[in-house]
Amino acid sequence: MAPALKAFESYLKSAPGHKTSMAAYTACPAQAFLLYLCDAYDAYTHCLNKFTKKADGSYNKDSEDSLRHIACAILATSMGHFETYQKSIFAGLVERSGALQSFDLGKFLKQADQRNGQITISPERLLAFRTLAAPVGLVLADSLGAWHSPSRVNGYIKALGLKQDMFTRAEIEDLQVLWQLRHSIVHTGAWLTRPDASKVKRLSTFAERPIVFGDMFVNAMARRFHRIVKCANGRLLADAIADLGPAPAATLKTDFTTFLAVASPKSTWL
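Numbering-wise, my numbering puts 103 at position 68 of the sequence shown, and it's gapless, one number per residue.
No lab work stands behind these hints, which were simulated from the structure alone.
Built from N, CA and C at the ideal position, the CB exists for glycine as well.
Wrong hints could be hidden among the right ones.
[Said to hold, decoys possible] Here are the computed distance ranges between Cβ atoms for each label pair:
1) R204 to L287: 55 to 61 Å
2) F164 to N84: 43 to 49 Å
3) P158 to G269: 34 to 40 Å
4) P283 to A62: 17 to 23 Å
5) P38 to S186: 49 to 55 Å
6) C266 to S137: 40 to 46 Å
7) S186 to P158: 41 to 47 Å
8) C266 to H53: 25 to 31 Å
9) S157 to D91: 54 to 60 Å
Kindly generate the complete structure, drawing on both the sequences and the hints.
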């Protein structure tokens with residue numbers, strides 16, 4: 036008699052030592068995201084150091100195959116964390132928008148969503164917070180789409196009344212590459228199809244190829260994200276502080292500064 040199959044959810048386990056949480060993203064999005072990146076990088080480096088190599092120092096086939104799977108998984112998860120970082124930044128700024136002099140509710144609703152100024156919030160999403168204090172900013176962030184589009188994210192931030200883009204053109208180009216690779220890993224089995232490759236100019240010559248990263252990719256991605264996040268948060272903080280008025284209360288400045296702070300276990304990467 037075959038043994039009874041365990042339900043998939045029964046394999047979920049508590050992780051009291053887990054380093055990131057939604058509470059951490061709510062308090063300081065950049066710090067939570069960069070903490071995950073450093074943890075993922077350390078895990079990948081552990082694999083690089085421990086996996087079997089040939090006599091000439093190169094990895095054997097089993098090691099190469101394993102590293103490919105791990106690197107693809109880390110990219111996919113990293114982009115999920117980056118989306119959470121973006122949403123948390125937006126949500127936190129919405130919560131603090133009452134202090135921003137340039138915030139205009141009518142303009143915000145019109146610019147944040149293009150459907151005649153209407154942001155649709157499902158009753159199910161609101162009811163999920165019953166008996167709790169619903170975080171308005173997070174509910175709004177979850178109701179918006181296109182978080183995989185850096186240009187749209189820039190629009191969401193500017194809808195709050197801030198002047199600078201969150202991401203520069205060069206950062207947008209880098210993010211478009213990463214988002215497309217993530218899409219192909221998740222949706223087409225880590226195969227870069229011709230239609231998908233054609234969506235991003237820098238990937239056009241890689242059509243009809245499997246996604247295989249070199250050993251230094253995870254390092255490069257983690258370091259690049261450190262730079263992107265540091266610069267993005269710096270722009271947002273400067274704009275937000277300037278928009279508090281000529282003599283803002285010290286508590287307001289401290290709140291924005293704490294929320295938009297950038298810290299990492301690997302401080303030299305900043």
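Hint by hint, here is what the structure shows:
1. The hint said 55 to 61 Å for the Cβ distance between R204 and L287, and at roughly 31 Å that hint is violated.
2. In this structure the hint that F164 and N84 lie 43 to 49 Å apart at CB holds, the actual value being about 44 Å.
3. The beta-carbon spacing between P158 and G269, approximately 39 Å, falls within the hinted interval of 34 to 40 Å.
4. Restraint check, P283 to A62: a C-beta distance of roughly 21 Å satisfies the suggested window 17 to 23 Å.
5. Taken as a hint, the range 49 to 55 Å holds for the pair P38 and S186, whose Cβ atoms sit roughly 52 Å apart.
6. Taking 40 to 46 Å as the suggested C-beta distance range, the pair C266 and S137 does not conform, at roughly 21 Å.
7. Checked against the hint of 41 to 47 Å, the pair S186 and P158 fails, with Cβ atoms roughly 30 Å apart.
8. For the pair C266 and H53, the beta carbons lie near 28 Å from each other, so the given range of 25 to 31 Å is met.
9. Taking 54 to 60 Å as the suggested C-beta distance range, the pair S157 and D91 conforms, at roughly 57 Å.
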